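J.: Residue numbers (our numbering): 94 to 386.
Calculated from the structure, these hints are not laboratory results. Predicted model only: the values in this text are computed from it and were never measured. Any given hint might turn out to be false.
Said to hold, decoys possible - Between beta-carbon pairs, the in silico distance windows are: (1) F375 / I193: 32 to 38 Å; (2) G137 / F375: 15 to 21 Å; (3) P334 / D305: 46 to 52 Å; (4) G138 / G364: 29 to 35 Å.
Just so it is clear, CB atoms sit at the ideal spot from N, CA and C, and this is done for glycine as well.
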Amino acid sequence: MTSTSKLNQEPVLLTIIRLLRWHKPEGRLILMIPALWAIFLAAGGKPPLPLVGVIILGTLATSAAGCVVNDLWDRDIDPEVERTRDRPLAARTLSIKVGIVVGIVALFCAAILAYYLNPLSFWLSVAAVPVILLYPGAKRVFPVPQLVLSMAWGFAVLISWSAVTQNLSQPTWLLWGATVLWTLGFDTVYAMSDRADDRRIGVKSSALFFGDYAALAISIFFAGTVGLLAWLGISLHLTLPFWINLVIAAVGWIWQIWRLIKPQIPHTAYGEMFRQNVWIGFILLAGMIIGSL
Numbered sequence: 094m095t096s097t098s099k100l101n102q103e104p105v106l107l108t109i110i111r112l113l114r115w116h117k118p119e120g121r122l123i124l125m126i127p128a129l130w131a132i133f134l135a136a137g138g139k140p141p142l143p144l145v146g147v148i149i150l151g152t153l154a155t156s157a158a159g160c161v162v163n164d165l166w167d168r169d170i171d172p173e174v175e176r177t178r179d180r181p182l183a184a185r186t187l188s189i190k191v192g193i194v195v196g197i198v199a200l201f202c203a204a205i206l207a208y209y210l211n212p213l214s215f216w217l218s219v220a221a222v223p224v225i226l227l228y229p230g231a232k233r234v235f236p237v238p239q240l241v242l243s244m245a246w247g248f249a250v251l252i253s254w255s256a257v258t259q260n261l262s263q264p265t266w267l268l269w270g271a272t273v274l275w276t277l278g279f280d281t282v283y284a285m286s287d288r289a290d291d292r293r294i295g296v297k298s299s300a301l302f303f304g305d306y307a308a309l310a311i312s313i314f315f316a317g318t319v320g321l322l323a324w325l326g327i328s329l330h331l332t333l334p335f336w337i338n339l340v341i342a343a344v345g346w347i348w349q350i351w352r353l354i355k356p357q358i359p360h361t362a363y364g365e366m367f368r369q370n371v372w373i374g375f376i377l378l379a380g381m382i383i384g385s386l
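Turn these sequences into a full structure, and let the hints guide you.
T.: Put into structure tokens, the structure is as follows:
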């Protein structure tokens, strides 16, 4: 039995779960992490638990909507890419109409959660919507579409920080910059796995844009992340646990760069490094929480 036949026999609910990527939690967690960085740092390590719950649910709803929007844009491209050809809209196991309905429901859930926030955070949430909706189109016209994705990730910092403080200050923007650079780094790693398919079908990516210098670009992004997080740690007077965990994260990124510059690297390594960034993000979060207390 072919994989497509198996997918056709899958219950609709499971197919929708795959559409939302809830069967791959690392992609949901890696958006949640910068939001949690922001809310814990802005609150000195002790944010209100109801607000933490809203932020967590908000990132889940937003990332779900983003996945649906992405798959609607790419339903005719994804079948040409090995990694994405079994996605529900690409494999035609869900209709476009169902995809649109699921996307609207996810956006509606995000909007309800955003209504709980203060006016600044609410309007930042509104401002993020066009970026989420237009990001999938960026790969058709913009040479570094991962930068657009990074901007979308950056909104998680702005929304969460302002949800605590009702303003945006210098530390907010330091964390925003670190998040943008970190996202550029790990998503360029992820894009490296699709280079052959992207080149063949004419889709743009940062991995193709930087070409032979992709590993160098990623090393610059990760180094910039460390630098901005260090500046942030000084600005917020974070204590030793933060600095220890920042060093651990830096070692993790150095190890990834060392793997990327090797002449031969298994194709599966790119996905592994993407998932490792989830753990690195949580290590940093633990350092931020303990270092803020």
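J.: Range first: 29 to 35 Å. Now tell me if the beta carbons of G138 and G364 are that far apart.
T.: Given range 29 to 35 Å: holds, Cβ gap about 33 Å.
J.: Range first: 46 to 52 Å. Now tell me if the beta carbons of P334 and D305 are that far apart.
T.: violated, 39 Å
J.: Given a hinted range of 15 to 21 Å, is it respected by the beta-carbon distance of G137 and F375?
T.: Check passed, 19 Å falls within 15 to 21 Å.
J.: Is 32 to 38 Å respected by the C-beta to C-beta distance linking F375 and I193?
T.: This hint holds: roughly 34 Å between Cβ atoms.
Taken one by one, the earlier hints fail for this structure only at number 3.
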